[in-house]
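Chemist: Put together the whole structure using the sequences plus the hints.
Each chain is listed here by its residues.
Protein chains: 2
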Amino acid sequence: MPPVDRRVLLSSGLAAGALAAGEAAAEAPGGAPLIHHVFFWLKNPGSKADRDQLIAGLETLRAVEVVKQLHIGVPASTEKRDVVDNSYDVSELMVFASVEDQKRYQDHPLHLKFVADCSHLWRKVVVYDSISA
Amino acid sequence: MPPVDRRVLLSSGLAAGALAAGEAAAEAPGGAPLIHHVFFWLKNPGSKADRDQLIAGLETLRAVEVVKQLHIGVPASTEKRDVVDNSYDVSELMVFASVEDQKRYQDHPLHLKFVADCSHLWRKVVVYDSISA
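As they're listed, the protein sequences go chains A and B.
Here our numbering is used: position 92 in the first sequence is 92, and no number is missing along the way.
All you need for our numbering is the position in the second sequence, starting with 1, plus 1000.
Take these hints with a grain of salt, some might be off.
Unchecked claim - Subject to a maximum C-alpha distance of 30 angstroms in a straight line, what follows is the list of computed DSSO-like cross-link-like pairs (lysine-lysine): (1) B:K1113 <-> A:K80; (2) B:K1080 <-> A:K113; (3) A:K43 <-> B:K1080.
Claimed, not checked - Not close to chain A: a few residues of chain B, all C-beta gaps over 10 angstroms, as computed: (4) L1042; (5) K1043; (6) L1061; (7) E1065; (8) H1108; (9) F1114; (10) L1121.
No wet-lab data here; the hints were simulated from the structure.
All C-beta atoms, glycine included, are put in the ideal place defined by N, C-alpha and C.
Modeler: Following this line, the structure appears as structure tokens:
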């Protein structure tokens, strides 16, 4: 699929969307969809330039073919509750067709370049990888 | 939308899907889509019965109208890396059309019932709420 089509796919509206099907009937060939959610804590959380640079770096990852969806976020202003962690600065939610595709992404030159270019910006990163229960 | 249609929507295939559009052009009326990702650590992680009960409880939340997408997961078998936290037992990824809808969900009787019925199962829960950067 050309990059433009994928960008349209990635930005299609909420009403028409579904993340990754949990039900067996919708499993992609080769495995079950994998949700990869990453949270970054910046060394300089007050720096808009650093935040923008990290976000721009994450945007380059859309070009990785195995990345089916990418959503770059910041903490939402939901109600304060003890269980809510809004201390992070930037989040990255990706969907892959399989565990194997996520591994291909980890080894992809664009991902390696992203880490080389941007890892100096964060002091902490936490990754959660999940598959359908 | 009748529940059956929503269930089809929620389980539609990966190729056709998109989570919540980040771009302004795809903002839902009333606000930007909100991603609500919750991780549960069971008191008895070895208990399949407890895990199944928690998953069944989470399934009841599909009936909450403002929940646009729900994906219930368990840790994936991705490569071991220091930054990957696979210590949790069950995850819940929801998408709402707005911050306000997430608040309606928090106050919804079905959500309150879920917490009353299932909170004894977990020892720890962490919530990340994010909106498009």
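Chemist: Confirm or reject each hint.
Modeler: Hint check results:
no.: 1; hint: B:K1113 <-> A:K80; in the structure: holds, 21 angstroms
no.: 2; hint: B:K1080 <-> A:K113; in the structure: holds, 21 angstroms
no.: 3; hint: A:K43 <-> B:K1080; in the structure: holds, 24 angstroms
no.: 4; hint: L1042; in the structure: holds, 13 angstroms
no.: 5; hint: K1043; in the structure: holds, 16 angstroms
no.: 6; hint: L1061; in the structure: holds, 13 angstroms
no.: 7; hint: E1065; in the structure: holds, 13 angstroms
no.: 8; hint: H1108; in the structure: holds, 14 angstroms
no.: 9; hint: F1114; in the structure: holds, 14 angstroms
no.: 10; hint: L1121; in the structure: holds, 14 angstroms
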